[in-house]
Amino acid sequence: MVFVTGYHLTEFNRRKDGSSYRDWISETFEASLEMSCMDRKDIDTLIVSSESDFFTLQLNPSTVIADDLGLYNVEALRVEGGGASGQLAVHQGIKSILSNTSENVAVIGFDPSASNLPSETVKKLYSYSFDAWTDGMNEVTATSLYALSIQIFMDETGLDENDLANLTINNRNNACLNPGAHLKLKHTQEEIINSPVISSPYRRLHCSPLSDGAASIILSNKISSKRKTAPSIIGIGSANDKVNLGARDEIGEFKSKKLAMKKACQMAQVLPSEIGFAEVYDAYAGAQFQAINALGLSNNFLKDFRDGVFNLDGKLPINISGGLMGQGAPVGATGVGQTATCAMVLEGNYHDKLQFSLIPKFALADTHGGVGTNAAVSILQSNV
Amino acid sequence: MIINKKLELTYNLSFGVMSKWLTELTKGQALALKCLNCNNVSFPPQKVCGCGSKISSWIKLSGVAKILSKTSGQDGSYAIAKFEGCSSSSVVRLKNFKGLETAGKLTPSSMSNPSIILTPIIR
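In order, the protein sequence lines correspond to chains A and B. For the first sequence, the numbering used here assigns the number 1 to the initial residue and increments by one for each residue that follows. For the second sequence, the numbering used here assigns the number 1 to the initial residue and increments by one for each residue that follows.
Here chain B stands alone, though its shape is the one from the complex:
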């Protein structure tokens, strides 16, 4: 016997201290956390820096990122990209990239799905 059972779930998700970061993301603004001990800048933000410090402050990045590596196919287009002013890299979704572009700018995303999406910058 096989029963088809449908489960519908609607979550009310809260994000605490990350809310600010996600809200800005929907506007296409890149907020990062800067460690006040070692000046490391993380995006997505890391609440505890690699140096062990928890003392940090929000800073605004330009939102421009350089593509280091990208992948595309049936599952969409994604990249590892390094945002200007950021110490580490980020996984980003690529939108409207044709294949040759090497940089992109953070673009606004929906309130229901705040995402790190880059659109191309032709340099």
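Only chain A is shown next, with the shape it has when bound in the complex:
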């Protein structure tokens, strides 16, 4: 069994205070460690995740981070898998514990995606997240690739522009209740539909922001008497699809996510219908619909969405944090942050206006890199 004995997220936003990613890492780690009721000497493995050395200008980051945190004689490494980096790092921590090579693992995700480089430079770097020899040479952006995928999904499912706008409104409304969120914005449909077209059908307000931030969890193979209600991670799954969109069997579907979810559910012995709430990877408004569909969280995602099933007060709330679109997206921190959010909710520790009074039994954290190219999901269980 793997327990999440400590968890924390820093604020996700664009830092203007002169602080560095190494400060945010220290902040989040110390908070998680304190919560876990452990000493830093108890940590035997440090796993960090960040998407690109270009953002930090620091190769081999796990070693300097270990020094910063006073973690010596530990196994220190970095996990990278594009947007999925954070969730894959969580998976690596779980595997370390389940293989009995570690007892207490600190997993820390971070990225200074907003403040260290101009947004145009970050956009160019992101375009190398796909096949740099084909898509990269074509100078196609992430937004354009996501747009091509969602267009086909929209044609196949009847999803329309109003749905994209309404989902954007929902996620940013949730972000307004999350003190750590980047975009606490109240949009109108009109504002969204009149925002500039980046890559049709995606408009500026359908996109998640570039954010700075860090998140951490402490994974342990046992719980002390002080942490009896720590949630556990009971299932993980990861899978890939072809990088080139055109080469895929189903261009609008996130097939990798479907397979990752199947693996996680098998490990957890849980059905998708038993998930009580989920944090899913909404890099763009449409990606959330594609995720819900692929994860099998609904038999009719469009009807359920329009009926409010995924709202904060719905039967299956999704992205109560605001998701990437509202809470923000420091890429390496995203998957760790999603897992930390699930753990907070499952232990009843989430932000006042977002915490459910009736705590669900199971939660899902879903992350991917590329356009659903490498998917990673985790299923958590409440022990309250």
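Fair warning: there could be bad hints in the mix.
[As the list claims (entries may be wrong)] PhoX-like mimics (lysine-lysine), calculated; alpha carbons at most 25 angstroms apart, straight line:
| # | chain 1 | residue 1 | chain 2 | residue 2 |
| --- | --- | --- | --- | --- |
| 1 | A | K124 | B | K60 |
| 2 | A | K16 | B | K54 |
| 3 | A | K255 | B | K47 |
| 4 | A | K123 | B | K95 |
| 5 | B | K95 | A | K124 |
| 6 | B | K60 | A | K16 |
| 7 | B | K82 | A | K255 |
| 8 | A | K95 | A | K303 |
| 9 | A | K124 | B | K54 |
| 10 | B | K60 | A | K242 |
| 11 | B | K82 | A | K242 |
| 12 | B | K6 | A | K123 |
| 13 | A | K123 | B | K5 |
| 14 | A | K255 | B | K54 |
| 15 | A | K242 | B | K20 |
| 16 | B | K66 | A | K242 |
[To be verified] Beyond 10 angstroms from chain A on every Cβ pair, some chain B residues (computed):
| # | residue |
| --- | --- |
| 17 | T10 |
| 18 | M18 |
| 19 | K20 |
| 20 | E24 |
| 21 | G28 |
| 22 | P44 |
| 23 | K54 |
| 24 | S72 |
| 25 | I122 |
Hints are computed from structural coordinates only; laboratory data are not their basis. Glycine residues also receive a C-beta, built at the ideal position from the N, C-alpha and C atoms.
With chain A fixed as given, assemble chain B onto it according to the hints.
Coordinates of chain B only, in the frame set by chain A:
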């Protein structure tokens, strides 16, 4: 304290077996890989076919492609297009498309940036 630090990188990129494909792309020629086990034709080429075979040979396509889906906006114009004779589709950049065209032809690109760029064919 904030320091502005500039990093300039000039890569000498090599492409191995893909060099031939990229070189032809700069000339506006579409080379594809044909699997000799299942006859699947891939463009961009897949070194290992979906059937699992690694035995393939280069073939030349006409370079004409049908647009299946396209997107445009501040980030440029791109499409999913299916090249004649190819089993799968490709992501392509669109050049000089006005909006109604449904097909295009591969056009030459620069040696420094071999790209899959379509110009329109009016049918």
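Structure-based check of each hint:
1. A:K124 with B:K60: violated, 31 angstroms
2. A:K16 with B:K54: violated, 52 angstroms
3. A:K255 with B:K47: Measuring from Cα to Cα gives roughly 21 angstroms; hence the hint holds.
4. A:K123 with B:K95: holds, 21 angstroms
5. B:K95 with A:K124: holds, 20 angstroms
6. B:K60 with A:K16: Measuring from Cα to Cα gives roughly 54 angstroms; hence the hint is violated.
7. B:K82 with A:K255: Distance of about 21 angstroms is within 25 angstroms: holds.
8. A:K95 with A:K303: Measuring from Cα to Cα gives roughly 38 angstroms; hence the hint is violated.
9. A:K124 with B:K54: violated, 33 angstroms
10. B:K60 with A:K242: Since the Cα atoms of K60 (chain B) and K242 (chain A) sit roughly 23 angstroms apart, the hinted pair holds (cutoff 25 angstroms).
11. B:K82 with A:K242: holds, 17 angstroms
12. B:K6 with A:K123: It holds: about 17 angstroms lies between the C-alpha atoms, which stays within 25 angstroms.
13. A:K123 with B:K5: holds, 19 angstroms
14. A:K255 with B:K54: The given pair, whose Cα atoms are some 24 angstroms apart, holds under the 25 angstroms limit.
15. A:K242 with B:K20: Since the Cα atoms of K242 (chain A) and K20 (chain B) sit roughly 22 angstroms apart, the hinted pair holds (cutoff 25 angstroms).
16. B:K66 with A:K242: Given that 25 angstroms is the threshold and the Cα spacing comes to 21 angstroms, the pair holds.
17. T10: holds, 15 angstroms
18. M18: violated, 6 angstroms
19. K20: holds, 13 angstroms
20. E24: It holds; E24 (chain B) is separated from chain A by about 13 angstroms at its closest Cβ, greater than 10 angstroms.
21. G28: holds, 14 angstroms
22. P44: The claim is violated: P44 (chain B) sits with its nearest Cβ about 5 angstroms from chain A, within 10 angstroms.
23. K54: holds, 16 angstroms
24. S72: violated, 6 angstroms
25. I122: I122 (chain B) clear of chain A: closest Cβ-Cβ about 22 angstroms, beyond 10 angstroms.
Hint compliance for this structure: hints 1, 2, 6, 8, 9, 18, 22 and 24 are broken, all remaining hints hold.
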